[in-house]
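Undergrad: So you can see what is in the structure, the chains are spelled out below.
Protein chains: 2
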Amino acid sequence: MTIGVKASHLTVVPQALAVAGAVMVLVWCIHFRGGLAWESSNKSLIFNIHPVLMLIGFIILGGEAIMSYKALPLKKEVKKVIHLVLHTIALILGIIGIYTAFKYHNESSITNLYSLHSWLGIGIIVLYGIQWIYGFLVFYYPGGSTGLKSESHPWHVLLGLFVYSLAVGNAALGLLEKLTFLESSGLAKNDAEAYLVNFTAIVTILYGAFVIFTVFSRPAQDDSSYKAI
Amino acid sequence: MTIGVKASHLTVVPQALAVAGAVMVLVWCIHFRGGLAWESSNKSLIFNIHPVLMLIGFIILGGEAIMSYKALPLKKEVKKVIHLVLHTIALILGIIGIYTAFKYHNESSITNLYSLHSWLGIGIIVLYGIQWIYGFLVFYYPGGSTGLKSESHPWHVLLGLFVYSLAVGNAALGLLEKLTFLESSGLAKNDAEAYLVNFTAIVTILYGAFVIFTVFSRPAQDDSSYKAI
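Protein sequences, first through last, are from chains A and B. So the number in this note's numbering is just where the residue sits in the first sequence, counting from 1, plus 241. So the number in this note's numbering is just where the residue sits in the second sequence, counting from 1, plus 241.
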């Protein structure tokens, strides 16, 4: 199933959304929430690393990894390496981002893992890791048989998009959760910060939607090795 | 892109999840939250209609509508009518469900439309309505040309899945939002009700995922009119 739009044209939109989302989460965490710190007596500054790494590192770089395989006008072998490297960086930054949430909880004596956001987050990073390992072994090194590769390919794409959609949804869930906490501690519902957080979630969801559309668009070039999905 | 599982086999899982989700939201709203009422001095009972209609009416029936077109072992013309009728009911129940949230807010003097959940909800129901109108006109009555139909088909599927994914994500967002409000008003984070609400969200997300998988699975029968997607 392919929609009649060229991937290389379509990606202009998600790239603009990625820049907007990255700027928004940085403005929120640095300007409104006081900045980022790995060690600080103000524990909130440790927490602030979490949304920044999860959005810019995990969601945006993970989305770039997905789009790169379809949209870049390069040879399949080169795109495969770019796809793998970007997913590797996204996974590592995602793990560090999750670690900062635990670090903040532990240093502030807040219970870990009570919320839906945290449960889904753990599930998503584990699935992302499994998907990475399976993809590496079958498609990169040592590489499966041609039969196994072509059998696995649609599953790799669909499960990858499933995990990615969950990640995008969970980012929106996390932004809303934090905003609700801030509003219970006195932030006005029509405060500029409340709008910024909600719009960051909307930009994130739109970015995720365009990443997924890219997968179903026409590839960047007529590549004989390209298999229509 | 088709995965090697028959739709009619795959749908066993989402049907079980649909029953579980429907029971869970009813137990939550009736047993834990005091019941459902269209008119009551206890305004919370009016609110309780909202999650019940949105989950059972909009998400579950909408999902059944999506799956019916792929999984039922019937002729294309029959499946099309079932697909249309189920989506129509889902859309109507979704609109009534959204209306009850406004009714509850108005009768309890709570501001409307300040949250991400509400903004996304309005956007989703409008997109769902547009998708319904376009689908009705092009695929049902008066029906577009064969060229328009085959050109529109992948867009109809992908935009439909996009709107449906947003609806599922927004249901999880709504459940989390309500739970956070309840927890700010004293509900313990490890209370049975908190677990019930979180697990309802997880069941909803899994149901949505299996609905989407069904679209990419093998159709129920070898139907000559079936177009692989």
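None of these hints come from the bench; they were simulated from the model. Glycine included, C-beta positions come from ideal geometry on N, C-alpha and C. Be careful, since some hints might not be right.
[As the list claims (entries may be wrong)] Listed next, the in silico BS3-like pairs over lysine-lysine satisfying Cα-Cα at most 25 Å (straight line): (1) B:Lys390 x A:Lys284; (2) A:Lys419 x B:Lys430; (3) A:Lys430 x B:Lys390; (4) B:Lys344 x B:Lys419; (5) B:Lys430 x A:Lys344; (6) B:Lys344 x A:Lys247; (7) B:Lys419 x A:Lys430.
[What the hints assert, rightly or not] Chain B side only, calculated, beta carbon under 10 Å to chain A, not exhaustive: (8) Met242; (9) Leu399; (10) Gly410; (11) Glu424; (12) Val438; (13) Ile446.
Undergrad: Indicate, hint by hint, whether the structure satisfies it.
TA: Results for each hint:
Simply put, Lys390 of chain B and Lys284 of chain A have alpha-carbon atoms about 57 Å apart, too far for the 25 Å limit, and the pair is violated. As the CA atoms of Lys419 of chain A and Lys430 of chain B are separated by approximately 15 Å, the hinted pair is consistent with the 25 Å bound. With a CA separation close to 45 Å, the supplied pair Lys430 of chain A and Lys390 of chain B exceeds the 25 Å bound. Our distance criterion of 25 Å between C-alpha atoms is met by Lys344 of chain B and Lys419 of chain B, whose separation comes to about 16 Å.
Between the alpha carbons of Lys430 of chain B and Lys344 of chain A the distance comes to roughly 20 Å, so the proposed pair stays at or under 25 Å and holds. In summary, the hint linking Lys344 of chain B to Lys247 of chain A is not supported, as the alpha carbons are separated by about 45 Å, beyond the 25 Å threshold. With a C-alpha separation of about 15 Å, the suggested pairing of Lys419 of chain B with Lys430 of chain A holds against the 25 Å cut-off. Here the hint on Met242 of chain B is kept, as its CB sits about 4 Å from the closest CB of chain A, short of 10 Å.
A distance limit of 10 Å between C-beta atoms decides the matter here; for Leu399 of chain B the minimum to chain A is near 6 Å, and the interface restraint holds. A distance limit of 10 Å between C-beta atoms decides the matter here; for Gly410 of chain B the minimum to chain A is near 4 Å, and the interface restraint holds. For the restraint placing Glu424 of chain B at the interface with chain A, the shortest Cβ-Cβ distance is roughly 9 Å, inside the 10 Å limit, so the hint holds. Because the smallest distance between the Cβ of Val438 of chain B and any Cβ of chain A comes to about 8 Å, under 10 Å, the interface hint for this residue holds.
Given the 10 Å rule on beta carbons, the hint for Ile446 of chain B holds: about 7 Å separates it from the nearest Cβ of chain A.
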